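With chain D's structure known, arrange chain U on it following the hints.
Chains D and U, in that order, are what the protein sequence lines are.
The letter at position 199 of the first sequence is residue 199 when you use the numbering used here, and the numbering goes up by one with no holes.
The letter at position 482 of the second sequence is residue 482 when you use the numbering used here, and the numbering goes up by one with no holes.
Think of the hints as simulated: they come from the structure by calculation, not from any bench.
This one's a predicted model, so the numbers in the text were calculated from it and none came from an experiment.
Quick reminder that beta carbons are idealized off the backbone N, C-alpha and C, glycines included.
Some hints could be false.
To be verified - Ranges between beta-carbon positions, derived for each pair:
(1) S137/D to T43/U: 22 to 28 Å
(2) R510/U to D213/D: 44 to 50 Å
(3) L104/D to N103/U: 55 to 61 Å
(4) Q203/U to A40/D: 35 to 41 Å
As the list claims (entries may be wrong) - Beyond 10 Å from chain D on every Cβ pair, some chain U residues (computed):
(5) D166
(6) E519
(7) V545
Said to hold, decoys possible - Below, simulated BS3-like cross-link-like pairs (lysine-lysine); rule was C-alpha separation at most 25 Å, straight line:
(8) K181/D to K537/U
(9) K16/D to K485/U
(10) K139/U to K57/D
(11) K197/U to K68/D
(12) K139/U to K127/D
(13) K46/D to K522/U
(14) K526/U to K46/D
(15) K150/D to K197/U
(16) K67/U to K187/D
(17) K181/D to K561/U
(18) K522/U to K68/D
(19) K127/D to K197/U
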Amino acid sequence: MALVLMEGTTVVAERKMKFRSIEIDNDILNKSLFEFTQPADVKGTKLLSWLHKKDEKSQWIYLPSLNKSRRILASSQNSSFMGSEFTYDDIGGQNTSKYNYKLLSESKRGVDVIWKLEQTSKDSNIKDYQIITINKSFMNPEAVEYYNSKKELVKSSKIEDFTSYKVNGKNIFRPKKISMKNVQNNKESLFQWEKREFGTKQKESDFTAQALDVKK
Amino acid sequence: MKQTFSDRLTEKYLHFLFKHPLRLFVTGICFMVILTPGIPFLTSDFSFRSYTHPESPKLISYDLYEKNFGNDDNVMVIVNNPQGVMNRETLIPLRELEKELNNLPGTRRLESIFNGSVIHSTNDAIEIKGLISSTELEKYSESDFLNFKNEGLKSPNIHSILLSSDATVTVLYLFLRPTLQQNQQLEIYHYTQEVEKIVSAHQKNFPNAQLKIFGSAYISKSLIEVSKNDQLRLGPIILLLFALVSFIALRNINGVLISVFVIICNILCCLGIQSYLKIPINSFTSALGIIITTITTGALIHIIAGYYRYYRRTGDSKAALIHTYRMNFIPTLLTTLTTSVGFICLANKDLMPVYQLGILLGIGNAFSWIMIITLVGPILNFLNKQKTPYKLDASGLPETLSEPHKKDSEFSIRYVNYIGKHKFKIINLMIFLCAISIIAATQLEVSMNPFKQFSDNVPIVKTQQLVKDKFTHSMAIEFLLDTGKVDGAKDINLLNRLLKLEELIYSDKRVHKHVSITEVIKEINKIFNSGNQSFYKLPESSEAVAQYLLLISLSDNGKIKNLMSNEGRYLKFTLFTTEENSNKLLEQMTWVEDLAKEQNLNLFRTGKVPLFMSLTEVVFNLIGSSAIISMLLIGFIMYLLVRNTKLALISMIPNVIPLIYGAGIMYLLSYGIDIGITLVFSVCLGIAVDDTIHFIHHYTHLIQKGKTPEEALQNIVVNLFPTIISTTLILSVGFGVLSFADFLPNHKFGVMTGVILTLAVFADLFMLPAILLIKKTK
Numbered sequence: 001m002a003l004v005l006m007e008g009t010t011v012v013a014e015r016k017m018k019f020r021s022i023e024i025d026n027d028i029l030n031k032s033l034f035e036f037t038q039p040a041d042v043k044g045t046k047l048l049s050w051l052h053k054k055d056e057k058s059q060w061i062y063l064p065s066l067n068k069s070r071r072i073l074a075s076s077q078n079s080s081f082m083g084s085e086f087t088y089d090d091i092g093g094q095n096t097s098k099y100n101y102k103l104l105s106e107s108k109r110g111v112d113v114i115w116k117l118e119q120t121s122k123d124s125n126i127k128d129y130q131i132i133t134i135n136k137s138f139m140n141p142e143a144v145e146y147y148n149s150k151k152e153l154v155k156s157s158k159i160e161d162f163t164s165y166k167v168n169g170k171n172i173f174r175p176k177k178i179s180m181k182n183v184q185n186n187k188e189s190l191f192q193w194e195k196r197e198f199g200t201k202q203k204e205s206d207f208t209a210q211a212l213d214v215k216k
Numbered sequence: 001m002k003q004t005f006s007d008r009l010t011e012k013y014l015h016f017l018f019k020h021p022l023r024l025f026v027t028g029i030c031f032m033v034i035l036t037p038g039i040p041f042l043t044s045d046f047s048f049r050s051y052t053h054p055e056s057p058k059l060i061s062y063d064l065y066e067k068n069f070g071n072d073d074n075v076m077v078i079v080n081n082p083q084g085v086m087n088r089e090t091l092i093p094l095r096e097l098e099k100e101l102n103n104l105p106g107t108r109r110l111e112s113i114f115n116g117s118v119i120h121s122t123n124d125a126i127e128i129k130g131l132i133s134s135t136e137l138e139k140y141s142e143s144d145f146l147n148f149k150n151e152g153l154k155s156p157n158i159h160s161i162l163l164s165s166d167a168t169v170t171v172l173y174l175f176l177r178p179t180l181q182q183n184q185q186l187e188i189y190h191y192t193q194e195v196e197k198i199v200s201a202h203q204k205n206f207p208n209a210q211l212k213i214f215g216s217a218y219i220s221k222s223l224i225e226v227s228k229n230d231q232l233r234l235g236p237i238i239l240l241l242f243a244l245v246s247f248i249a250l251r252n253i254n255g256v257l258i259s260v261f262v263i264i265c266n267i268l269c270c271l272g273i274q275s276y277l278k279i280p281i282n283s284f285t286s287a288l289g290i291i292i293t294t295i296t297t298g299a300l301i302h303i304i305a306g307y308y309r310y311y312r313r314t315g316d317s318k319a320a321l322i323h324t325y326r327m328n329f330i331p332t333l334l335t336t337l338t339t340s341v342g343f344i345c346l347a348n349k350d351l352m353p354v355y356q357l358g359i360l361l362g363i364g365n366a367f368s369w370i371m372i373i374t375l376v377g378p379i380l381n382f383l384n385k386q387k388t389p390y391k392l393d394a395s396g397l398p399e400t401l402s403e404p405h406k407k408d409s410e411f412s413i414r415y416v417n418y419i420g421k422h423k424f425k426i427i428n429l430m431i432f433l434c435a436i437s438i439i440a441a442t443q444l445e446v447s448m449n450p451f452k453q454f455s456d457n458v459p460i461v462k463t464q465q466l467v468k469d470k471f472t473h474s475m476a477i478e479f480l481l482d483t484g485k486v487d488g489a490k491d492i493n494l495l496n497r498l499l500k501l502e503e504l505i506y507s508d509k510r511v512h513k514h515v516s517i518t519e520v521i522k523e524i525n526k527i528f529n530s531g532n533q534s535f536y537k538l539p540e541s542s543e544a545v546a547q548y549l550l551l552i553s554l555s556d557n558g559k560i561k562n563l564m565s566n567e568g569r570y571l572k573f574t575l576f577t578t579e580e581n582s583n584k585l586l587e588q589m590t591w592v593e594d595l596a597k598e599q600n601l602n603l604f605r606t607g608k609v610p611l612f613m614s615l616t617e618v619v620f621n622l623i624g625s626s627a628i629i630s631m632l633l634i635g636f637i638m639y640l641l642v643r644n645t646k647l648a649l650i651s652m653i654p655n656v657i658p659l660i661y662g663a664g665i666m667y668l669l670s671y672g673i674d675i676g677i678t679l680v681f682s683v684c685l686g687i688a689v690d691d692t693i694h695f696i697h698h699y700t701h702l703i704q705k706g707k708t709p710e711e712a713l714q715n716i717v718v719n720l721f722p723t724i725i726s727t728t729l730i731l732s733v734g735f736g737v738l739s740f741a742d743f744l745p746n747h748k749f750g751v752m753t754g755v756i757l758t759l760a761v762f763a764d765l766f767m768l769p770a771i772l773l774i775k776k777t778k
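With the rest of the complex left out, here is chain U:
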């Protein structure tokens, strides 16, 4: 039979393996030696910024916001006293807590019930001061506290921001130093750790109250910890499970140890590559180790299982090596290619963490194949005794027995007959389930709420629920109003249009409240006019606005600085909404921006929450584009393997169908589409096709040798199905362990990958044989 290019490549490799095993082994070690020194230089980035690339227009608009109003990262310290917080027992320890938190170097500004300012008129004098004086707490009476409570609940700055409606919860907001200033680069993680330590130490001073922590900075910290805990908790479990399943598949302890060794080498290489490519560890790339372990195992099992199957029967180590590499060298190369293609198709810079993980997995997967072919062969050759003598064939390689496969068993004959008898029923069922899944999949929604990235047992989830219950709103959306000129924020015409916008937004019942400079100006106008409610409106002129702002700045410039940029060009507008669904939130933001346009206002969303949620569209497009590109490229690779268009297309069916079923199952599980799901489809397509490649490679090889389709399938059932089932078991279990992750995208990734890969193996066991038998009939 004429040798193909792939046969020649395999033979060349085998010659090198036998002639220079040490060189091959050292090559693999050299890769490791060159790459691993990069590991200590790995950085991490769990901030919101890491989700988008540095030149994204969204990030540029966020930087404009941060430059004018500071970092919107905050930590909220929540004091929850069911008996009420407006009393000495709560406020005195709160004062002490506030002092210590304010002294933290990373604290730029602190807002609390003590400095949440109210404007009022006392004997016709204007007073702008904090609601309660922290230095006078010991002197206040019960009725004073009651008055403060009532005053706080009337103040728009305090009610539902610093004090809940039932006055049982008060919040301390800590605002962090800007991240733009390089010489004051703040470690959010360490800052929130310090806050946690201080809060924990002060809890004993609040006998009737509970202290909780929340806020965007704390969410970033939680992302780091949850990812780290997931790795530490699940990593060893995966390794143990892998070792167990490998032992069951290989039935040889040396085989398991070799696999572990190769996997560790591969992970080290991947981490080194990550460092050299300056890709930080983030919520997604932290899963690199687990994913690479699971993928590498598949190829390892094929090669090592193939070796030991032959070696146990013949005692001929060298022939076993030749046999297993002749069967698996090209298929593993192609599976590596298809899997890497699946990962690299995720490389869209609009979604940085997925882009980074995609690149890393694409390259890491390629390195896993390099590690396997450089390390496994030489180690197996060295470790296992040559129990039988060997002769060299004409090409200089040890002779192998011809096809010492297991004989077709009775089971395989009955199995193939059963498939042949019911092939049309199988296909019809497949089509029916496909149709239902497609209908279900059209109901799926994208879910990019940054506060829903954790499982329910993570403490921050309960704290978020508390905030939602006590403050009615759950999301605060920041907008920036660009007036277009210095001091434009004082233009009375512009402010009147802003006021009109503020009236219009309340037609949406989800809008709970808003904060903007108009509230402050209306309040001061009323107070300046002896508290006359009819003056609770904007003044007549821009000069009056400017003079009111000057008046406020005399007593509380923080109030103005938080609402208006220094040069008076930009205004901040905050919307508190009850909406949580990311798609609907985006619609709400767009609606507000459109309303603003109608009022001739240049208002645009900003802050980290819209930045994160704007990735919704990217997620959706990425799933579509990566799936299509993956299918095309993998289809092409299949064609290269089989050189037959029909067969190449047939071989794609058992790989695409499980993805469709997976989409239907997502709907049943009420999973929204998020960043984790973007990985699922490309990863599963790339991995599922591995078994199909081995299947089709064996099938075409046997057909070319003159076997009938039934005989070829019987042979595959006996010799390949055990490996397919065991590799899928390993992969499903390996990824399935991620379903115990507390980081929800990882959890969903684990569940869906486990489910889809299991469905894929059923497709290979039932669907593919049925289709091949139908094709043969035709």
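This is chain D alone, in the form it adopts within the complex:
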């Protein structure tokens, strides 16, 4: 997959990486592993993240030039992911139990049923909210608008190129492209997948700090 950072139509940075994740059904919701492949100076750098049920996150980073890994203490979920317009919250898989949802509208677009939901935080101190457009056919958001406490549009996300994957006999849809545009500074970030697989067997031991240090 690639993470592309853009300003207007100009590409300012592009990072290619391999991404693997497993979902776990205990205190840890999922474990994910990014391994950077491009640019060359960060090739082999790995970022391991565990998302815990209570919304805590554990992270480790491995730097190949130093052949060492270190644990990173949790960044704010709202902080930018690698300088992009995505936050950790955006990419880390949302914990839906943190939010309230209100159905705003249901409409049809051809054969597709489109839902518009308002997502607000259960934390009364957080006044930001999101308007999520869900395509029932994909059972996935296809657009998200992010509003601040002043009801101003801050960011908008488009989720595109849905592809069907068969996992455990079921068809699931996942996008090949997610873009996030900051409407205030005209910067945009893209996640793009060239090749995506679901339902493949993963070893949980690959998602440990010890595994990071093992050179392949």
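Chain U in isolation, oriented as in the chain D frame:
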């Protein structure tokens, strides 16, 4: 006597005045009607950008900086608690203040003690986080706050930037949206107003602390307000003083009202011209009204005083008009020319506000003459009764009595005798004072510090002193390092050379600290190696640098974005210095750039402060060039008047000498040369020569009529000196009121113009008669 071209021109005007007074009046009104509709479209620009023209290479380099690192305009909110700021009582209200400021639409980024990040190692885990969590403030103990204070003072990102050494002052930096993006054009003024409102509302939440505002954006706002307040405060005073002095000079209320009317018409025309020429209102052009008022008054007094002097003696309004215009039409035309030339000589695009003011005053001054000749004559003709019958002469104009001048008084005879007796002493004294002034003038320095544009009673000056006292440095200079290629900023060889440069700059004791990416990389290298101090250095490879930067970006990308451009080509390097003198600052910047060249680094100054200070050289050159060009052009005009090279040169002496004395007085007053002073010399030369033109015009006229030099001078003492003294009084007082301005360049302009014009009148009263008598002796 054969009529000259100027005589013929005067007669043509007089014929038109008497034949078609209404047409003349309507012409003047038409100018006003055509020009004034432009006024509502006037714009303003008090930004740093307004000081240089759009194609200047300096602005281009600044735009490169802004494109990569955003607008360097900032507002600093300073929290000063003598009991210390690292406590719950200060930080909880600061958190609330920060929230509200962060929500302002114009805020691009906010840096404070809460998000000023520190990198540290906790149980062998790397943590990059803000010094203090704003959400946990209520839970921290006293010892926690003490630890945060100590940690903050150890962190190079926080100490002396966000937290003072004694931890009694913390700063909140608000960075504004870039000005390059047209659809997000930010009104700096309105933004800082909003910040002021919010800060003012929150002050009550800080019982032991004072909140102050500073920063480049706030300085821009202060420039606007100070200029506006100066105009509002001083404008009416000037008008009142003018009315009072005019009444004393004219001794006629109608004369004062006519003068006020003409001045208002002229100001409206000038503002309309300003709008059509798309010249914005800035710190300098906002003085247009005051300067035009003062200059127009001089010509008005000559004409109206001349009219009423004749009219009071004869009751003959028409003859009075003819008399005053015959005496003043050409001199006022020439004085208008010389004054306009003086202003237009300032037109150097390298110094935009002075260029704009010079153009406006040059054109406005010309319009003032047009207003005077189209409006004054017809109004005087209409308002004042013809008390005596009149006859028309051969040319069709009302007859005038021949020269109903006041008889030479005993005073004038004694005065001229005294001058004649002491003429050599007067000249020697003049030369001696000139020599001392020249020596003093060579010690003058250019002073273009943008933070020294205000008088001491403007609040921002005290705030700047607080920043200086608490943070040791007073100036932050930005440099840009162009690595020449994408990701060049990660090249370890380049970074090592940058590190070498950073070591070398501390040989200058004025360098207080610096901020660059090397500090961040050294810090993360140490922390990644379990906090081992021996690793507080750059890593071995460019790959390690790239990977460290990736690591930092996971937690705090703002830190990197503020130091390195997105594509990794440009690095920002900030130098904090204690130097305030603009010349020495420029030298310091050049020294740093030269050191960088030795390290094979392409480092160049950028940001608004160097942009402003680079005008130092321009200011110096402009004073020299405009003074020389003004003198040459005005000398030529004098030659046209007198048709005698020697007399033309003599007439320049009482105009140039006061400027030299003025330079000496500037040294005594410890005035530095700044943008305001660039106006002084050209303005004063253009105005001072007005009285000399009237003097020389009368003198040559009387000599041609067969008078001796002594008789001519006696006549001038009686008939012209009162007008010269009163016009100079008006001009000196008018400009002198500007000495009460809070905008320092205006203040200095007011003081120096008042002083130089006063010296110029003494030159006309003593020096010029002495020189003319010496010439006659020879």
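Status of each hint after checking the structure:
1. At about 54 Å, the beta-carbon gap between S137/D and T43/U misses the expected band of 22 to 28 Å.
2. Separation of R510/U from D213/D is about 48 Å and conforms to the stated range, judged on CB atoms against 44 to 50 Å.
3. Between L104/D and N103/U the beta carbons are some 25 Å apart, a value that contradicts the proposed interval 55 to 61 Å.
4. Distance hint for Q203/U and A40/D: a CB-CB separation of about 54 Å, inconsistent with the stated range 35 to 41 Å.
5. Under the 10 Å C-beta cut-off, the non-interface status given to D166/U relative to chain D holds; the minimum distance is some 30 Å.
6. Annotated as non-interface, E519/U keeps its C-beta farther than 10 Å from every C-beta of chain D; the closest such distance is 19 Å.
7. Not every CB of chain D is more than 10 Å from the CB of V545/U (nearest about 8 Å), against its label as outside the interface.
8. Of the pairs offered as hints, the one joining K181/D and K537/U is violated, with about 38 Å between alpha carbons and a cut-off of 25 Å exceeded.
9. A distance of roughly 20 Å separates the Cα atoms of K16/D and K485/U; the hinted pair therefore holds under the 25 Å criterion.
10. Using a Cα cut-off of 25 Å, the hinted pair K139/U and K57/D holds, with the two alpha carbons roughly 22 Å apart.
11. Between K197/U and K68/D, the direct Cα distance comes to roughly 51 Å. Violation of the 25 Å bound is thereby established for this hinted pair.
12. Proposed proximity of K139/U and K127/D is supported: the alpha carbons are some 23 Å apart, at most 25 Å.
13. Our distance criterion of 25 Å between C-alpha atoms is met by K46/D and K522/U, whose separation comes to about 21 Å.
14. Proposed proximity of K526/U and K46/D is supported: the alpha carbons are some 20 Å apart, at most 25 Å.
15. Only pairs whose Cα atoms come within 25 Å are accepted, and K150/D paired with K197/U is accepted, the gap being roughly 18 Å.
16. At most 25 Å may separate the alpha-carbon atoms for a hinted pair to count; K67/U and K187/D meet this at roughly 13 Å.
17. Taking the CA atoms of K181/D and K561/U, the gap is about 18 Å. The hint holds against a cut of 25 Å.
18. Taken as a hint, the K522/U and K68/D pair is honoured in the structure, with Cα atoms around 17 Å apart against an allowance of 25 Å.
19. Distance check on the hinted pair: K127/D and K197/U sit about 23 Å apart at the alpha-carbon level, within 25 Å; holds.
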